[in-house]
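Which chain is which? The protein sequence lines are F, G and E, in order. Using my numbering, read the first sequence as starting at 1 and increasing by one per residue. Using my numbering, read the second sequence as starting at 54 and increasing by one per residue. Using my numbering, read the third sequence as starting at 266 and increasing by one per residue.
Note that these hints are calculated values from the structure, not bench results. Possibly wrong hints are sitting among the right ones.
Here are the simulated SDA-like pairs of lysine to any residue, each with C-alpha atoms no more than 25 Å apart in a straight line [stated by the list, open to error]:
hint, chain 1, residue 1, chain 2, residue 2
1, F, K6, F, V18
2, F, K29, E, M266
3, F, K6, E, V277
4, E, K470, E, Q329
5, F, K6, E, N288
6, E, K470, E, R330
7, G, K66, G, A160
8, F, K29, E, V277
9, F, K6, E, I347
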Amino acid sequence: MTSAEKYVTAAYLVVLGVVLAYIVIYAFKLSRLEREVSELAELARRKREEVTG
Amino acid sequence: MSYLADVGTLARKDLLLELRSRDTVPAMLLFVVSTLVVFNFALPAGASDEAAYGLLWAALVFTAILGLTRAFAAEREQRVLDGLVLAPADRSAIWLGKAIAVVAFLALAEVVALPAFALFFEPVGWELVAAVALASVGLAVVGTLLAAMAAASRARELLLPLLFLPLVIPIVVGGVGASIADDPGRYLGFLALYDLIFAILSWASFEYVVTE
Amino acid sequence: MLAAAAAGLLLVGIALAFYWVPNAPDEGFRQRIFYIHVPVALTAYACFFWAAWKALRLLWTRDQRYDLESYTAVHMGVIFGILTLVTGSIWARTSWGVWWTWSERQLVLFLVLFLFYSAYFMLRYSVDPGPRRASMSAVYALFGVVLIPVSFLAIRLSEELIHPVVFTRDVNSNLAGSQLLTVSVCFAGMLALAGALYVNELTGKRVDERLRELREALS
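Model the full assembly from the supplied sequences, consistent with the hints where possible.
So this is what it looks like as structure tokens:
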């Protein structure tokens with residue numbers, strides 16, 4: 001690969017890399033949200049039991 | 054007409070406060086002269102004469118920041134700003150009154166800074182004075198709005214320079230250009246354009262910065 | 266779906282950029298960075314204008330949901346802005362051997378904008394959440410968009426003062442048909458990508474908000 005080709009490819013790869021990094025960060029955020037939802041569902045269930053039980 | 058009366062009252066309030074407490078303007082004067090002295094040591098021997106003009110503009114911008122940090126300090130300390138906002142006056146009058154006071158403070162600092170600069174470094178021509186005048190308006194107009202934003206935040210003195218510096222880069226360009234270029238008219242015109250655009254924008258949006 | 270459109274357009278665009286478009290006559294192969302640098306830059310501008318539009322809507326209607334939309338758009342703009350600076354820097358490196366040059370107007374403009382919009386985040390982090398923060402952020406976002414042309418003018422004016430060494434490059438002179446097509450496809454793809462990421466992030470933030478409300482309601 002000529003030096004020019006290396007730089008051009010690097011530029012495209014940087015863009016791809018940043019987008020992929022963003023997606024990975026988002027995957028973590030989504031799993032955290034999922035965890036929170038299940039925690040809150042648990043909380044809600046317990047509250048309901050307190051009221052009815 | 055009552056709008057202008059309100060503006061006048063507010064500006065006079067700030068000027069009188071400063072006259073009595075004398076804390077902001079003396080600090081600005083001392084700061085700008087100290088900065089110029091520091092610049093003497095910062096400029097290497099082979100630096101061009103024109104480099105000094107660049108440093109003058111840097112000094113002016115930082116002196117403006119110093120003055121602006123104090124702009125809403127009094128209001129904050131006594132929560133007067135909340136009261137002013139509740140008053141029947143148009144909110145933008147607060148901005149205009151404050152901006153006028155800031156221009157006055159800057160002008161006082163420049164009355165000392167420019168002769169000091171002429172003494173220490175390079176001669177000061179009419180283009181430079183015109184540029185400084187126009188730039189002061191620009192700095193005050195934008196700075197007053199941003200100072201109000203910073204006053205509402207937790208970070209205050211830290212936040213104002215961060216918000217301020219990117220916005221005033223055009224002023225520095227205009228000012229330095231008017232100081233050293235062969236055709237200063239273009240740069241002076243640019244400064245006037247900047248003043249016009251940002252004055253209108255700040256005047257129109259100040260209301261949204263101080264209310265919910 | 267935006268993401269599908271983005272994927273499709275970008276794949277086609279990159280293929281065009283690498284295989285179909287002929288080499289630029291003066292610059293050779295390295296000119297192909299153009300096909301990713303320019304779309305990314307234009308997309309960043311689009312994000313900032315979108316943010317300003319949402320900011321205007323917020324100030325006009327006082328509807329708080331525009332705050333999150335404006336904020337997300339600024340976030341997207343900054344991400345693409347960083348990409349513009351990086352790809353621009355790589356292009357400078359291949360063209361002139363330096364990683365930075367003050368004589369590239371677009372690059373300098375993006376640096377100023379990057380500083381400006383980074384301060385946007387400083388502003389948001391140092392003010393308590395609420396309508397006040399939303400209004401201030403909106404005003405600031407509007408200032409940003411006004412700053413774009415003013416800064417550009419300033420940078421142009423500053424060139425004759427500060428940088429005697431001027432690297433010239435015929436960036437926009439007479440784009441050949443094939444080049445125009447390639448850059449357009451890539452631009453469309455980048456816009457779609459920005460849109461997809463924007464929707465994604467906005468949804469995530471809104472879910473965050475509602476979960477917080479839910480948590481407060483339950484405890």
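Structure-based check of each hint:
1. F:K6 - F:V18: Between F:K6 and F:V18 the Cα gap is close to 18 Å, so the pair holds against 25 Å.
2. F:K29 - E:M266: Given that 25 Å is the threshold and the Cα spacing comes to 22 Å, the pair holds.
3. F:K6 - E:V277: 21 Å, holds
4. E:K470 - E:Q329: Status holds; Cα separation ~14 Å.
5. F:K6 - E:N288: 16 Å, holds
6. E:K470 - E:R330: Distance ~11 Å between E:K470 and E:R330 Cα, so the pair holds.
7. G:K66 - G:A160: 18 Å, holds
8. F:K29 - E:V277: Violated, at roughly 30 Å.
9. F:K6 - E:I347: 20 Å, holds
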